[in-house]
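Using the sequences plus the hints, can you model the full thing?
Here the sequence shown is numbered in our numbering, starting from 1 and rising by one per residue.
Since the hints were derived computationally from the structure, they do not count as laboratory data.
A hint or two may mislead.
The calculated lysine to aspartate or glutamate pairs, modelled on EDC-like cross-linking and capped at a C-alpha distance of 20 Å, are [as the list claims (entries may be wrong)]:
| # | residue 1 | residue 2 |
| --- | --- | --- |
| 1 | K416 | E397 |
| 2 | K409 | E397 |
| 3 | K55 | D28 |
| 4 | K416 | D395 |
| 5 | K249 | D367 |
| 6 | K36 | D119 |
| 7 | K256 | D273 |
Just so we're clear, the structure is a prediction, and the values are computed from it rather than from any experiment.
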Amino acid sequence: MSDLVSIFLHLLLFKMVAPVTFHHHRYDDLVRMLYKVHNECPHITRVYSIGRSVKGRHLYVLEFSDYPGIHEPLEPEVKYVGNMHGNEVLGRELLLQLSEFLCEEFRNRNQRIVRLVEDTRIHIMPSMNPDGYEVAAAAQERDISGYLVGRNNANGVDLNRNFPDLNTYIYYNEKNGGPNHHLPLPDNWKSQVEPETQAVIQWIRSFNFVLSANLHGGAVVANYPYDKSLEHRVRGFRRTANTPTPDDKLFQKLAKVYSYAHGWMHQGWNCGDYFPDGITNGASWYSLSKGMQDFNYLHTNCFEITLELSCDKFPLQGELQREWLGNREALIQFLEQVHQGIKGMVRDENYNNLADAVISVSGINHDVTSGAHGDYFRLLLPGTYTVTATAPGFDPETVSVTVGPAEPKLVNFQLKRSTPQAATKRRIPNSGHRGRVLPKKVQPRAARKKETMMKQPQRGPA
Numbered sequence: 001m002s003d004l005v006s007i008f009l010h011l012l013l014f015k016m017v018a019p020v021t022f023h024h025h026r027y028d029d030l031v032r033m034l035y036k037v038h039n040e041c042p043h044i045t046r047v048y049s050i051g052r053s054v055k056g057r058h059l060y061v062l063e064f065s066d067y068p069g070i071h072e073p074l075e076p077e078v079k080y081v082g083n084m085h086g087n088e089v090l091g092r093e094l095l096l097q098l099s100e101f102l103c104e105e106f107r108n109r110n111q112r113i114v115r116l117v118e119d120t121r122i123h124i125m126p127s128m129n130p131d132g133y134e135v136a137a138a139a140q141e142r143d144i145s146g147y148l149v150g151r152n153n154a155n156g157v158d159l160n161r162n163f164p165d166l167n168t169y170i171y172y173n174e175k176n177g178g179p180n181h182h183l184p185l186p187d188n189w190k191s192q193v194e195p196e197t198q199a200v201i202q203w204i205r206s207f208n209f210v211l212s213a214n215l216h217g218g219a220v221v222a223n224y225p226y227d228k229s230l231e232h233r234v235r236g237f238r239r240t241a242n243t244p245t246p247d248d249k250l251f252q253k254l255a256k257v258y259s260y261a262h263g264w265m266h267q268g269w270n271c272g273d274y275f276p277d278g279i280t281n282g283a284s285w286y287s288l289s290k291g292m293q294d295f296n297y298l299h300t301n302c303f304e305i306t307l308e309l310s311c312d313k314f315p316l317q318g319e320l321q322r323e324w325l326g327n328r329e330a331l332i333q334f335l336e337q338v339h340q341g342i343k344g345m346v347r348d349e350n351y352n353n354l355a356d357a358v359i360s361v362s363g364i365n366h367d368v369t370s371g372a373h374g375d376y377f378r379l380l381l382p383g384t385y386t387v388t389a390t391a392p393g394f395d396p397e398t399v400s401v402t403v404g405p406a407e408p409k410l411v412n413f414q415l416k417r418s419t420p421q422a423a424t425k426r427r428i429p430n431s432g433h434r435g436r437v438l439p440k441k442v443q444p445r446a447a448r449k450k451e452t453m454m455k456q457p458q459r460g461p462a
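Shown next, in the form of structure tokens:
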């Protein structure tokens, strides 16, 4: 009964949209659906491809923005990725429904949706693994059961175990010192990943994403980083141990936003598992190496969580409408979470935008950087923080800022160029000290006299 009440309350938040036929979408159907939405809302959408799968299928993204294809300074970028595992299909269908819903509600001038689209650049990728989906869908049509059928890509690789392992480096750096953000990739990283993974990595390096969710199936829980346990093996057995990020409280809040806006996730008991509040630290559940959500956090400015949305990885068509009604409000609320914390511009004294400036928050050992347009976004919980902006060749600037629970606080930085320090040492030509520079004050008079005498002709054997 509580599930029905929750769904009813969510229905009150939106006027009913035009009737939608809920069914599973094969690849061609998916492409038609994306372009159908684009044709219905051409001024606020754009369809683009970030690359191709092993079998050559496009990895399509549908963008929503009041200026599609353009990054507007101080407007955050957020993304949803579905169907990373080909046989976990609910996320794929939910994102197609979300796309249609955003378009329809914008056209109906639903002010909440209008504000969201005008203030946010939203990227929706319904399927990261279209090849795996086609295998899983074909198996369903032939009534072939199999928990893993279609999970991997066409090369048999699990895409959520295929990203460069940056956790090993961050755990070392936390103990011994080193960068706490934007960890570099190995020189040969492209040869170590699948085409789909490479396309996603290049995608998230091309956009300054701030927030993201990765939609999965097989459980009902909001999972947040880290996924890989700090001590992942004990005597040959995989150990589950809570492994928090420096932004642990923020990640918990993001996960709870989705869980409590969801029809039943927050209840905790789902699929035979119990997760308090419907959320879990990934490593506390089970340790996962080379996953996408940890990679986002450690290599980019993006904070990503993983949403497990259904007990059945491939729900029956008749269940899709109930799942949509149970997830719709949560999908919208999560997008709105990108508008919190602080944001601003980083410029020099001449008001030139500074890209790659580092924004540090005292007490949180994870920095972010400004984007190519000089704007930065730092998700933070309400509170008072000491924030510092630094850039090579400039003096750092530090401010104290109080963050509220509503809109993000605008905090701009204008950095001054560092003043070169006056030279305290002077190189003396032909000093006879193998190129070392000695301060003038330690060059004694006797030494200079001796040097003069040595330059005079010396008498000796003929």
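Verification of the hints:
1. K416 x E397: It holds: about 9 Å lies between the C-alpha atoms, which stays within 20 Å.
2. K409 x E397: Between K409 and E397 the Cα gap is close to 17 Å, so the pair holds against 20 Å.
3. K55 x D28: holds (14 Å)
4. K416 x D395: Holds - the C-alpha atoms of D395 and K416 are around 6 Å apart, at most 20 Å.
5. K249 x D367: holds (16 Å)
6. K36 x D119: violated (24 Å)
7. K256 x D273: This hinted pair holds, its Cα atoms lying about 17 Å apart.
Hint check: a violation occurs at hint 6 only; the rest are consistent with the structure.
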